[in-house]
Structure formats: structure tokens, C-alpha cells
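Protein sequences, first through last, are from chains D and U. Just so it is clear: in the first sequence, position 343 is 407 by our numbering, and no numbers are missing. Just so it is clear: in the second sequence, position 440 is 504 by our numbering, and no numbers are missing.
It should be emphasised that the hints constitute simulated quantities derived from the structure, not laboratory data. If a hint is listed, it holds; no wrong ones were tucked in.
Same chains, same label: a pair holds when it works inside one copy or across any pair of copies.
Each computed BS3-like pair below joins lysine-lysine, with the alpha-carbon atoms no more than 25 Å apart: (1) LYS465 with LYS350; (2) LYS350 with LYS125; (3) LYS350 with LYS124; (4) LYS506 with LYS214.
There are 2 protein chains.
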Amino acid sequence: MSKDIGITVKKAENFSEWYTQIVTKAGLADYAGIKGFMVLMPYGYSIWERIREFIDRRIKKEGHKNAYFPALIPESFLRKEAEHFSGFVPEVFWVTHAGDEPLSDRLAVRPTSETIAYDSYSRWIKSWRDLPLLLNFWNSVLRAEIKMTKPFIRTSEYLWQEGHTVHATKEEADREVMLILGIYRELMEDMLAIPVLAGRKTDRDKFVGALYTTTLEALMPDGKALQMGTSHNLGQNFSIPFGIKYVGKDENEHYAWQTSWGASWRLIGAAIMVHGDDKGLVLPPKVAPIQIVAIPIYYTEDERKPVYEEIEEVSSLLGQEGFAVHVDDREQYTPGWKFNEWEMKGVPLRIEIGPRDIEKKQVTLVRRDTFDRIQIARERVVEETGKILDEMQRNLFQRAKGFLEAKTNTTASYDEFKRMLEDGGFIKTCWCGDTGCEAQIKDETGADIRLIPFEREKLFSKCVRCGKEPQEVAYFARAY
Amino acid sequence: MSKDIGITVKKAENFSEWYTQIVTKAGLADYAGIKGFMVLMPYGYSIWERIREFIDRRIKKEGHKNAYFPALIPESFLRKEAEHFSGFVPEVFWVTHAGDEPLSDRLAVRPTSETIAYDSYSRWIKSWRDLPLLLNFWNSVLRAEIKMTKPFIRTSEYLWQEGHTVHATKEEADREVMLILGIYRELMEDMLAIPVLAGRKTDRDKFVGALYTTTLEALMPDGKALQMGTSHNLGQNFSIPFGIKYVGKDENEHYAWQTSWGASWRLIGAAIMVHGDDKGLVLPPKVAPIQIVAIPIYYTEDERKPVYEEIEEVSSLLGQEGFAVHVDDREQYTPGWKFNEWEMKGVPLRIEIGPRDIEKKQVTLVRRDTFDRIQIARERVVEETGKILDEMQRNLFQRAKGFLEAKTNTTASYDEFKRMLEDGGFIKTCWCGDTGCEAQIKDETGADIRLIPFEREKLFSKCVRCGKEPQEVAYFARAY
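Bound-form chain D, shown alone (with noise of 0.2 Å):
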């Protein structure tokens, strides 16, 4: 492999040239015409896939149906709940022409649905019959990015899930919160291996006319924290302007609950930063498009056939296991450069079969996360193979969740604090609840308050800026 072919800087020097470069080279991805805006390329559209298929065949076991809204949005529906308009309309791309004609009322380019849905919601629930309305939208909503972007991680456009549910009470809709949120951590803990904590944010931080949002938050190779995914308690601050209202079993009418939530792409970039090494890609197995890359080794044509057959044999078995296997069969390029493809492509296992292998009965595996090279019994193929590839989930998994723990830390000194940071991760701290307090620290430090963890514990005695009697026990860090 040519050195403009591999990954050319390290990830612990350069991490973001590291990320841009695996982002373009493993084919996850391309910058597209227009600025801002990312291709989502074959190999990191079949990662969304598994992404989408799991969230998808979870939600739905849990009653929640698809729909689809239009991708264009009255200025008018925007405008009916302030803090949400006032919120998106910044970053909104605005329709002010259909072919040569001006619109009377401008269109918003879909920046999130909640609006136009509930709209069509108000005139579809009459009764406490018609709840809860669990519906969820697979779509792409569009925000100009001013700040730089960067691919799957900040883009002006992104493919994502939206939620969108309707109940009689707050307590239903407390419930459906949680659910969500424990749908997310199960999506991204035991298929992309990543760790999350969990909590509420801030009033400062929560989506723009929600009562609250939980968040799932993650820690970035860099120290920094991403935000995984947020599902909202939305109350009834829509409902009320938009007019969603239900007869009760009490005949009485009552306006209801609703959640939302979501989950993108994001969750691609972030795969890619924890796992990812100097050779590139690491896909944990269970969200990997191709498992398992079989490599035929041969030096003379003889030897050739018998590769090839043993090859499609053990490939085949595996594939009647359900696992993903793809032979590379491509006769233009050496083993070595197959092997640094493959790698640089996150590929969980490689199997390599040459004549000696076939020989004794034997067939090669590699694991991408460790690279140990291990023989096994050919006869023993399928069951190793499953075996390792567990092992590879749980190793990349508590890889991860180790740096978690090592860069989350406790203190109470301000100061202490702020060199802390320098370091990156999380900071467990106190603090007062003054919204004021937050941006201060925000202001002096670049970190914010990523999120309040759901159960309360006694920690300090004061706020970790200020020194007012606390409020909230709180996780501080910088974010992308």
C-alpha cells in the first residue's frame, strides 16, 4: 500500500487529521460538492444500515411505527412555540421560491420535525383512545453549520431518527424518556462498544422548548466529550400552542404529554474516533458491514486451486453461521496490500489460507484490535471464529470503557479544576444551579456542563466556581 493510500499521521500527534483522514481513505465518507455537507459513501452507508435496523426492530418491538413528514416546513408552524423558533431559526436554510414564483410564507428546510408533526397531530388525536401515539420519522434534517465542520460529527445535513410520541400523562411520558434512553445506551454500549454516562441537562443546554432532556455522553480519544444521542420530555409546551388536546376517561379535555428524540450519524464519527488506531479503521464486530475478510496466500499456480477451494469452503461455512465474509479474490494485489486495506477498513477478522495452512489442517486468524495471530484447528473454524469476534466486542468495549474511567475525575478546587481540563475528560463537580454560574465557568474554562447524572448523591459542600451552597452534582467537559 502506497503511503498516500495509509493513514500518514498518528492519532496520538494529529487526531484530527488522524479522523479526517480515515474518514476519506476507509470510504466512510466524502466532502460533497457543497460546502458543509458530507457524502455518505457505500461502506459508511452499510454501517448506518445496522445502526438504523437495530434501532428500528427495537423501537417497533416497543409498539413505535414509522411515518413520514414533508421536508419543508411553514415559517408560520416555526414560529408557534417562541423558544423553538428562536432556537433553529439561525441555522435555518430558508425556501423563498418555487421555480420563479416568491412564497407568501417561507419555507424551512426540515431542521427537525416537531412542528409540521404536530401540527397533523392536533387534528389526529381526539380521545384519550387515540394514546399513546408512538411514531418515529427516518429522515435527514438540515442546520447550516457556521462553526467548522467535520464529517458525521458537525454537518449541515445529517441522516438521523426522530421520535415523536404522545401520552395523557407526564408520568407516561417520563417513562417513554427513559425507555428510549436505555434503547440508545443498549445501541451504543453493546453494538458500538462505546461507554456512555447518563443524565439530564442543564436548563441552558436542553432542546429548545423541551421541559427536560437526558443525553448520553461519550469521551472522544481527544478528552473531549460528544454528545451520543438526547431524548426530550417535551410537557406540554407544544401541545398547548399547537393545540393537541384529548377527552379523557373523565370526559374532560386535557392537553397532552409528548416526548421527542433522536440518533444520527454522529454515531459513526464517534465509532470511529474510540476505536480507531494508527492503521485506521476498528469496527467493533456486531456494527461491522463485512466480520470477517478471508485472503488466499499462494506463490505458484499450483498451489492456487487448492487455495481457492479451501478459501470458498471456510468462507461458506462461516457465511451459513450468519457471519459476514468476504473473500477478496482480487488477483491485482499482494497479501501484504490486502491485509493493509483491510485493516485500514476496521475489518474485525482476517483469515488467511496458504498451502501450509491447508497442510495442517489449520486456518489463520487476525484480529484487528490486538493483532494476534492465531492458529486454529480448521474443523474448530466456526466455533473460534465466534468465540473471538465476542471476545474482540467485550476487549474494544472495556478498551474503551478503562479511558472512561481513567479520565473522569473528582474535584472541588477550582483551580484544580481548570488544570484538570487541560488534560481532557470528565470532571465530576459540584455546582450551585445558577444558569449565570454555568456560562461563567463555561466562559473561563471552554467546559460546560455535559450533564447532571440521574440519581443525586451528596458530594461537596459548595459549587465548584462560586462556593454557594450546591445544588447538583455535575459532569463537566469540553465538547465537540
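Based on the hints, put chain U in the right spot on chain D.
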């Protein structure tokens, strides 16, 4: 079921109103809060999921991969292919501002992705080794509809897939065009039970920018044709302005050959029109989200428990065999009310189980297409259900095929042509090949050429209108 819940007009008497009632009352789609747009509701979405799964599986099997391109396209890209631009510009939604900032290059909300994709393709393709490039995008496209809109059939935004492939030679592109047309045909005829005619469009109706367009056309019960899906050979019309070139095995640079093709949620509209009846929707079993609805029948509290036990057992048996079964256990509705509702929603098969059925070790089945009431032995329920659903799938197709054949007439006389048009349907005749003559026929009769069959044949000795020597056999119809 009260009158305003059921369909209040007859299909034969007011087809347009009948169609609109089914769309909304069966819960397939709803009008959105923005004119010309619709909301795809959960029941409609789940039909779309079945269509999507079919196409996705079939095109992946043929080596295609999914990707995602931006929803906004710079005007300068659209302008690169002149015909393409002038064809789309009257219906483009234009983004002129991001937040408060005016944009220097206006952005089109994606009316189709040729130009944004080919800008990227020109950077990706260097050598014959990069070909063929076989990509597909699942997204929505927006085209401001000034004509009368109709849910699924003509809306300002619709969900679809668009395939965009690149090949080394015209012959390969030709083969791709036909491969896809075959997959679409399989979807329409085998899944949706809608017979189609295949052929190519005249130059007047081909896709703007294409070398030629192939099409599948169906006939709706009101006698109007509906274009069901198209597959285009773009020739080098885009590869030249976009600079999509490859170095061939001959070491020379060549412009590539391209195809694009798409099918949309319009197919759901076609299925509603073709199969529905005065009671509502009739869904072909292969695309029905619920294939079988099981309804408990009991009169006393004592009967309730055994009926439910039996119904759970039967439905779980059917579920295990892969049938999509739903048990309607709602207590607040009578069986009669439920029958009407599920008939309106077009569920192919109803299973009724009451005390008498249990006693006789039988179940009662009712087919949605014929309303045949069939008693079958309980032990044969899986086998018989499969047979009946297959038979219904075939019956729907045969019924529609009979209609299509009855409504496809042949004439050499322009007077007869005009009389025939009043009864609707396709008219097979001869055409001189002149675009002006074609336009005149459209002006004079409202009919246009839906397709030119792939196989040439000698039919009559002169053009139906001008009497000149015929170049082509053509199928004319009035159309949606």
C-alpha cells in the same frame, strides 16, 4: 361502522373521491399542513417498507450499494446539463438564505440527484478498475406541483429510490437499464399484482438529459395510464459536462456511460386504484403489512376464554410460518365493526373463531378479494392459509390483467382512435415518428404516447393522424 368512517362513494361512480377517501380513511396518508405535500402514515409507511425491502434486496443481489447525497444542490451544478436544467427549473424549490445570510449561489432542494452525484463521481472514477459504479440512494425529492395534486400519485415531495450507475461502454449501460426495468417489473407484477406494459418513451417524453428512457406503464380503472417506474440510459450526456472519465485498458481516456432509474411511493397509489373496491382497500398478500387478521367471536363471558385461547394458538402457528398476523382483541368494538374496518384497510384474509368453530375443530376464513367464506379443518389452517393467499395474489393479478387486455385496443383510424379514447385504455396504433405530429395528437385528444414497444412489428401502413409512413408502433393513452 358509522357512515363517515366507511367509504361513502362507489368506485365506479366517483373514482377520484373514492380514491381520496380510501387514502385517508384506511390510514395510508394524510394531507400535510403544507399545500401539495402529504404525510405518509404508519400503515402506508409499512407498505412502503415492503416495497423498499424488495428493491433493496434485489438490487444489492445485483451488486448495487446504497449511499446518501446532500438534499441541497448548488444552482451551478444543475446548470451544467442544459436540457436537465431547463426541464427541472420551473418546479425547483430554491433556498436563498441560511439563517439571515443570503447565499451567493442559490441552492435547489433536491429535485433529483444526477448533478450533485456526478460532481462526486467525476472525482471518484479514474480507471476502468473503478467501473462499473453501481449506487442507489433512498431519499425524497421535491418538485413544486402546480397541477392538481393527488396523494401518492402527484405530490410536491415523494419518497423514492434513485439509482445512478456508471459503465465503461454503451452496451453495459444498455444492459443495466434493462436489468433494472426487469426488477421493477417483478416488483409491480409479482408483488403488487399490477400488470404493466414495457417499452421506451419518445424523445418528447424521455427524461430530461437522457439518451433514452424505458418505462413501465399500468392502466388505472378509470382508463388512464400511470407511469410506474422509469430506467434511463443517460449516454454520455452528463459524463461530458461533469468530466466523468476513465483510463481504459487501452490506456486512453474515455467518457463513461451512465444510467439512472427510479421508483417511488406512487406504486402504493397504483395498488389502491387497481385493487380497491367499494368497501375500501384490497392489498395483495405479498405487500400487505397485515396479511391475516384474526377476530374472536363470542357472545357470553364463558365463551370468551376458550375463544381467545384458540385464537392465540392459531395466530401463533401462522406467525411461526412467517405470515403477518394481527389479533384484533379490542373489547369496545363488535365483530361486525371490526370486519368493516379491516375490509376498509384491505387485509387479505380474515380468520373468525367462535365457539362453534372450536366445537367443530375448524376455522372460518374470509377472503378480501372475493368475500368467499371458507370453513377449513383446524389442523390444515397453515397449509390452507398459504394456498388461499397465493390464490388471492394470483387472482388480483389476473383480474387486473384481464382489465388491461380488455382496455387495450388497436385501430388505424384517427376517428376511431378518438372514440376509443372516450372509454379510456391504451390504443395501439402507428405513428410517423414526428414530434410535431405527436404533440398535435396530444393537443387534439389529450392522449400521448405512453411507450414504444421494444420489439418492432409491422402493424398498419400509415400514421394514425398524418397518414405518413409509420416509423413506430405506439401505445397511446390519456394519463395521470
